[in-house]
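Visitor: Next come the chains, spelled out residue by residue.
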Amino acid sequence: RKEVEQDPGPFNVPEGATVAFNCTYSNSASQSFFWYRQDCRKEPKLLMSVYSSGNEDGRFTAQLNRASQYISLLIRDSKLSDSATYLCVVNMEYNFNKFYFGSGTKLNVKP
Amino acid sequence: GAVVSQHPSWVICKSGTSVKIECRSLDFQATTMFWYRQFPKQSLMLMATSNEGSKATYEQGVEKDKFLINHASLTLSTLTVTSAHPEDSSFYICSAFTSGGSNEQFFGPGTRLTVL
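Protein chains in written order, with this note's numbering: chain A, 1 to 111; chain B, 1 to 116.
Pulled out of the complex, with its shape left as it was, chain A reads as follows:
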């Protein structure tokens, strides 16, 4: 079983739509959680960390559910510029600070 699993998509949504991605992780000892965004042929860039109480940054809301071992990302009022691949990343600090990446969820926002 993969450490981190994501639905690859693609999610095709119109501008202005609300879209949500989920990501599940297998190791309950996971400590830190992140959402990264990766544009085609570019390096990943941190979108937001995910905190236990959930957190919001503008149109983006991240949630963590430790009991069910999943994290989510909600994007409201989608923009064309949100089109990218969203990577779920889990960090297990006991293991040399190793980061595990999901395979990414592709989002296409269409006019």
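Heads up, a few of these hints could be off.
[Stated by the list, open to error] A partial selection of chain A residues facing chain B, derived with a Cβ cut-off under 7 angstroms: (1) 40; (2) 67; (3) 103.
[As the list claims (entries may be wrong)] Here are the simulated distance ranges between beta carbons: (4) 20/B x 17/A: 44 to 52 angstroms; (5) 66/A x 57/B: 26 to 34 angstroms; (6) 64/B x 58/A: 40 to 48 angstroms; (7) 5/A x 39/B: 12 to 20 angstroms; (8) 3/A x 116/B: 28 to 36 angstroms; (9) 53/B x 17/A: 28 to 36 angstroms; (10) 2/B x 54/A: 37 to 45 angstroms; (11) 20/B x 66/A: 29 to 37 angstroms; (12) 57/B x 2/A: 15 to 23 angstroms; (13) 70/A x 45/B: 20 to 28 angstroms.
[To be verified] Sample of chain A residues lacking proximity to chain B, with all beta carbon distances greater than 10 angstroms (derived): (14) 14; (15) 26; (16) 59; (17) 101; (18) 110.
Hints listed in this document are in silico derivations from the structure and should not be mistaken for laboratory results.
For clarity, every value in this text was computed on a predicted model and none was experimentally measured.
Heads up, the beta-carbon is just placed ideally off N, CA and C, and yes, glycines get one too.
Use these hints to put chain B onto chain A, whose structure you have.
Guide: The following block gives chain B in isolation, referenced to the frame of chain A:
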């Protein structure tokens, strides 16, 4: 956020040659640097974890004699692809990490390697 550079950004080489990729953290000292490889339409695959002054830890299936990693300082790590073959053509990305902070890793812009 912190800045990580990679050089070169792209390289084309002949089969059998070796290619060195540099990863530098420009404005912070990285205790750990990671090397990833990404094939088209796939996610990042961790190749190795490199801590300054010690040997790199390679992931299963990654040949340490083929992918030589040197982490001589807190701001520089190098990956050398030895005797490159066409199947080594990929996007190689490094990231730098400092423990005790936000646990964020900062990515370099990547190096696109094409082996003819």
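Visitor: Hints first: check each against the structure and report whether it holds.
Guide: Results of checking the hints against the structure:
| no. | hint | result |
| --- | --- | --- |
| 1 | 40 | violated, 10 angstroms |
| 2 | 67 | violated, 22 angstroms |
| 3 | 103 | holds, 4 angstroms |
| 4 | 20/B x 17/A: 44 to 52 angstroms | holds, 45 angstroms |
| 5 | 66/A x 57/B: 26 to 34 angstroms | holds, 28 angstroms |
| 6 | 64/B x 58/A: 40 to 48 angstroms | holds, 43 angstroms |
| 7 | 5/A x 39/B: 12 to 20 angstroms | holds, 19 angstroms |
| 8 | 3/A x 116/B: 28 to 36 angstroms | holds, 35 angstroms |
| 9 | 53/B x 17/A: 28 to 36 angstroms | violated, 50 angstroms |
| 10 | 2/B x 54/A: 37 to 45 angstroms | violated, 26 angstroms |
| 11 | 20/B x 66/A: 29 to 37 angstroms | violated, 42 angstroms |
| 12 | 57/B x 2/A: 15 to 23 angstroms | holds, 20 angstroms |
| 13 | 70/A x 45/B: 20 to 28 angstroms | holds, 22 angstroms |
| 14 | 14 | holds, 24 angstroms |
| 15 | 26 | holds, 16 angstroms |
| 16 | 59 | holds, 20 angstroms |
| 17 | 101 | violated, 5 angstroms |
| 18 | 110 | holds, 20 angstroms |
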